Amino acid sequence: MNTSSENTIRIYVMGSAYEVPRGLTIMSAMEHAGWRFTRGAGCRSGFCGACSTVYRQEGDYRLRFVLACQTEAEDGMYLVQLPFTPAPRVSYTLAELNPDENVLLQHYPEIARCVSCNTCTKACPQDIEVMDYIQAALRGDIAQTASLSFDCIQCGLCSMRCPADIKHYHMAQMARRIYGRYMSPVTAHLEERIAEIEKGVYEEEVEALVKMTRSELEEIYAARVVE
Amino acid sequence: MPSATKLEQFVGFRERVEMLSGENVFACYQCGMCTAGCSFADEMDVLPHQVIRQLQLNNWKVLECNAKWICASCLNCQTRCPKGVDLSKLMEAMRQIYLRQQMDNLELNKYSIDQIRCLPQIALVASFRKKTG
Amino acid sequence: MNNAAYFPGCSLKAEAGDYERSAAAVMEVLGQPLEELERWTCCGTVYSLTDDDLMHQLASVRNLIRAQECGADEIVTLCSMCFNTLKRSKVFIEQDSARLETVNAFMDEEQDYEGGVEVFHLLEILRDQVGFESIEGKVTRPLSGLRVAPYYGCTLLRPREIGIDEPDTPTILQDFIRALWATPVEFAFQAECCGTYQIVDSPEMVLEKSHRILNSAMRAGADVLVTSCPLCMHNLRLCYEELRSSLPEKRELSIIYLTQLAAIAFEVETGELPTSMAKLVEGLPTSMELVP
Ligand code: SF4
Ligand code: SF4
Ligand code: SF4
Ligand code: SF4
Ligand code: FES
Numbered sequence: 000m001n002t003s004s005e006n007t008i009r010i011y012v013m014g015s016a017y018e019v020p021r022g023l024t025i026m027s028a029m030e031h032a033g034w035r036f037t038r039g040a041g042c043r044s045g046f047c048g049a050c051s052t053v054y055r056q057e058g059d060y061r062l063r064f065v066l067a068c069q070t071e072a073e074d075g076m077y078l079v080q081l082p083f084t085p086a087p088r089v090s091y092t093l094a095e096l097n098p099d100e101n102v103l104l105q106h107y108p109e110i111a112r113c114v115s116c117n118t119c120t121k122a123c124p125q126d127i128e129v130m131d132y133i134q135a136a137l138r139g140d141i142a143q144t145a146s147l148s149f150d151c152i153q154c155g156l157c158s159m160r161c162p163a164d165i166k167h168y169h170m171a172q173m174a175r176r177i178y179g180r181y182m183s184p185v186t187a188h189l190e191e192r193i194a195e196i197e198k199g200v201y202e203e204e205v206e207a208l209v210k211m212t213r214s215e216l217e218e219i220y221a222a223r224v225v226e
Numbered sequence: 000m001p002s003a004t005k006l007e008q009f010v011g012f013r014e015r016v017e018m019l020s021g022e023n024v025f026a027c028y029q030c031g032m033c034t035a036g037c038s039f040a041d042e043m044d045v046l047p048h049q050v051i052r053q054l055q056l057n058n059w060k061v062l063e064c065n066a067k068w069i070c071a072s073c074l075n076c077q078t079r080c081p082k083g084v085d086l087s088k089l090m091e092a093m094r095q096i097y098l099r100q101q102m103d104n105l106e107l108n109k110y111s112i113d114q115i116r117c118l119p120q121i122a123l124v125a126s127f128r129k130k131t132g
Numbered sequence: 000m001n002n003a004a005y006f007p008g009c010s011l012k013a014e015a016g017d018y019e020r021s022a023a024a025v026m027e028v029l030g031q032p033l034e035e036l037e038r039w040t041c042c043g044t045v046y047s048l049t050d051d052d053l054m055h056q057l058a059s060v061r062n063l064i065r066a067q068e069c070g071a072d073e074i075v076t077l078c079s080m081c082f083n084t085l086k087r088s089k090v091f092i093e094q095d096s097a098r099l100e101t102v103n104a105f106m107d108e109e110q111d112y113e114g115g116v117e118v119f120h121l122l123e124i125l126r127d128q129v130g131f132e133s134i135e136g137k138v139t140r141p142l143s144g145l146r147v148a149p150y151y152g153c154t155l156l157r158p159r160e161i162g163i164d165e166p167d168t169p170t171i172l173q174d175f176i177r178a179l180w181a182t183p184v185e186f187a188f189q190a191e192c193c194g195t196y197q198i199v200d201s202p203e204m205v206l207e208k209s210h211r212i213l214n215s216a217m218r219a220g221a222d223v224l225v226t227s228c229p230l231c232m233h234n235l236r237l238c239y240e241e242l243r244s245s246l247p248e249k250r251e252l253s254i255i256y257l258t259q260l261a262a263i264a265f266e267v268e269t270g271e272l273p274t275s276m277a278k279l280v281e282g283l284p285t286s287m288e289l290v291p
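Sequence lines, in order, name chains Y, P and A. Sequential numbering from 0 applies to the first sequence in numbering that gives the first Met the number 0. Sequential numbering from 0 applies to the second sequence in numbering that gives the first Met the number 0. Sequential numbering from 0 applies to the third sequence in numbering that gives the first Met the number 0.
Read the hints as simulated data drawn from the structure, not as lab findings. The structure displayed is predicted, hence computed values, not measured ones. Beta carbons: idealized from backbone N, C-alpha and C, even for Gly. There's no promise every hint is true.
As the list claims (entries may be wrong) - Okay, the calculated bits of chain Y under chain A, using three or more residues with CB under 8 Å as the criterion:
{"#": "1", "segment": "127–136"}
{"#": "2", "segment": "189–201"}
Unchecked claim - Selected chain A positions facing chain Y (in silico; Cβ < 8 Å):
{"#": "3", "residue": "T40"}
{"#": "4", "residue": "G43"}
{"#": "5", "residue": "H55"}
{"#": "6", "residue": "L57"}
{"#": "7", "residue": "R126"}
{"#": "8", "residue": "G130"}
{"#": "9", "residue": "F131"}
Chain Y on its own, in the form it takes in the complex (with noise of 0.2 Å):
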C-alpha cells in the first residue's frame, strides 16, 4: 500500500497511523505526531542512547533497531520505543578488582552462555561487531572487548535480543574501565600537565580568561588554532 504524498509519510506508533512530514527523525516526526516524550530522549545527538527504537517496515520482514533521533523517519515504519532496558549491574570496587583473564566472566558468568548467533550484532545501532566483543571477553581478552566496545552508547537494544540473556553493555564497560585502570599505558604527558598544573603554571592565564567579557571570549574563540 502507498501511502506517501510528496510531502507526507505514514508511520504507525504502536499501532496507530499517522500522516508526518517528510524528511524528519523519528523522534521529531513522533513528536510531530503529538507524542511526547518522557523517557527516550536525551540529548539528540546520538551519544545518550536512550532513544532505542524497534520498527519494521512494510514489505520488509525483518526488525530493525535505531536511534529515533538519528534516524530519518520513513513511509510505513511500524514503531516502538524502548526506553529503558531491565538489565542491573554487578557493583565492584575497581581498585580492590583482581584484574586477572576471568574477571569480566566472574562478574557477569553468562557471557559463558553466547551461543555465536550474532543477534547482538544485528540489533546495534552503532554499528559495533557486539558478538566479537562478548567472545573477546569469554576468552579473557579484556583489551580486545575495551576497545571493540568503545563506540557504545548502552541504548541496550543487544541485551534486550539476545537469546543467552546477556548485559553486553554493563560487561563492556567493566572491561573498559579495568583497561582503563590497570592496562592502558600511562602518557608522560598527562603527568607532565599534571605536574603544571599543581605548579600553578596557568594560574595567570585562567585568572585572565575569567575577567573577559563575552565578546572577548568570543573573539580568541574565532580565532583559535584547530589542530
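Using the hints provided, position chains P and A with the ligands relative to the given structure of chain Y.
Below, chains P and A with the ligands alone, put in the same frame as chain Y:
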C-alpha cells in the same frame, strides 16, 4: 522445581523424545551393556538401560529422573551398544524437554565471584549449555 | 600441512596457555608453525545432541565460515572438546542440505558455508601429515626411561565416526610417546570420563571420577600422564592436589599436555612445568651429554 503438571502434557512423549533425538527406542533389546559401561551409572537414580525401558513403555515419569542431568555425554554407551542406540541423545532430549520449558537445572545466580574464579570457561560454557535453557 | 587454520578455543587463551605455548613451539620445530584462525568464536565446547537444535550449531559453522574466508581447507584444534564439537557439527550440518540452508539463511551477514572444511586434532596432523618418524628425528633429549600414561578421555575417541582412533583400542598416543623415546604405560581408565563440566555443580562426583583415573595410572607405574583436553587437565590437576597429601613421599605423578612432553624432548623452552615434572627433566640426559 520442575512441575509435574507441565510435564504431564507429554503423555505421548515417547514420540517427542524420539523426534528430538532421532533415535528409535525400540531398537533396544535390554542387554544392559550401556549401563555396564557407563562411568556415571553409580550416581544415577534410574540406570541407563532402565531409562530406555521406561521410554519404550511411554512412561513420562522417567522424565523426572536425575540420571539425565548426571549423564555427561561420555558416549561409552553409544560405542558399546550392540544395537546402535545412542543413549546420550535420549538423555539430551529429556534435558531439552526441561530446558525448553524454562526449567533449568543450574542456578547461575547462586554462584559467587570466588566460585567462578576457580572454574575454567570451558566448564562453564559446557555446563550452561547442558543445564540452562 | 595443507592450508590449515589453527583454532585455539577459549581455554588455550586462559588457563591452558601452557598447552598453546608448547604446541606452538613444537610445531615451529617441526616446520609447520600454527597460524591462528581470524575472528574465531567459542565453539560451544559441547556438541548439541538434539536434531532440531540448529541454534547450538551456529558457533561451529561460523568458525567453518571463518576458515573458508581465509582460504583454509582445514581447521586444527589442540583442545579435544573443540575438536569434537567442531567436527560433529561439521558432519551434522553437511549431512543434510536443508540444515545447511537454514543455517546459511540465518547467518545472512556471513558468506554461505559451502561445506568441505575439514576438522583435525593436532594429534592426527602429527600422525598423518608430519609423521611420527619425523618427530622422532627432531628429538634431541630422548625421554628414555620415562613412564608416560596416555590419557585419552572421551572426546578424542567418541563417537567412533569422528574419533581420531579406534575407541576401544586406541594407539595414537602410545605411538606419539614412543616417538619421543618414552615408555607408554597403558592403564584401565585411559578412555574413561574425568567428570567433565559436572565440576561446576557436582565437584565431589568429578573428583571421584578423576581419582579413579589417577589411581589407575599410578598403579600401572606411570610417572607422567599426558592429556590433550584443558578440562580433563583442570579436573585431574585439582584431584591430584587433593590426593597428594595422602601419597607416599616419593610417589608423584606429573600431569602435562602432550605437547609439553614433546617440547621437553625437543629441548625447547616453553615455560612453567609442574615441579615434579621439572625434577624428572633434570634427571634426563641432555643433548650435550649424548654427543659422543
Ligand atoms: S553494544 Fe549494545 S548497548 Fe552498546 S550501542 Fe550497541 S546495541 Fe547499544
Ligand atoms: S545475541 Fe547473545 S548469544 Fe547471540 S552472539 Fe550476541 S551475545 Fe552471543
Ligand atoms: S546397550 Fe543398547 S541394546 Fe543394550 S540395553 Fe543399552 S541401549 Fe539397549
Ligand atoms: S553418555 Fe551418559 S548414559 Fe551414556 S555412558 Fe556416558 S554418562 Fe552414561
Ligand atoms: S536522544 Fe540521545 S541518542 Fe538519541
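What are the numbers of the hints that this structure violates, sorted from low to high?
2, 7, 8, 9
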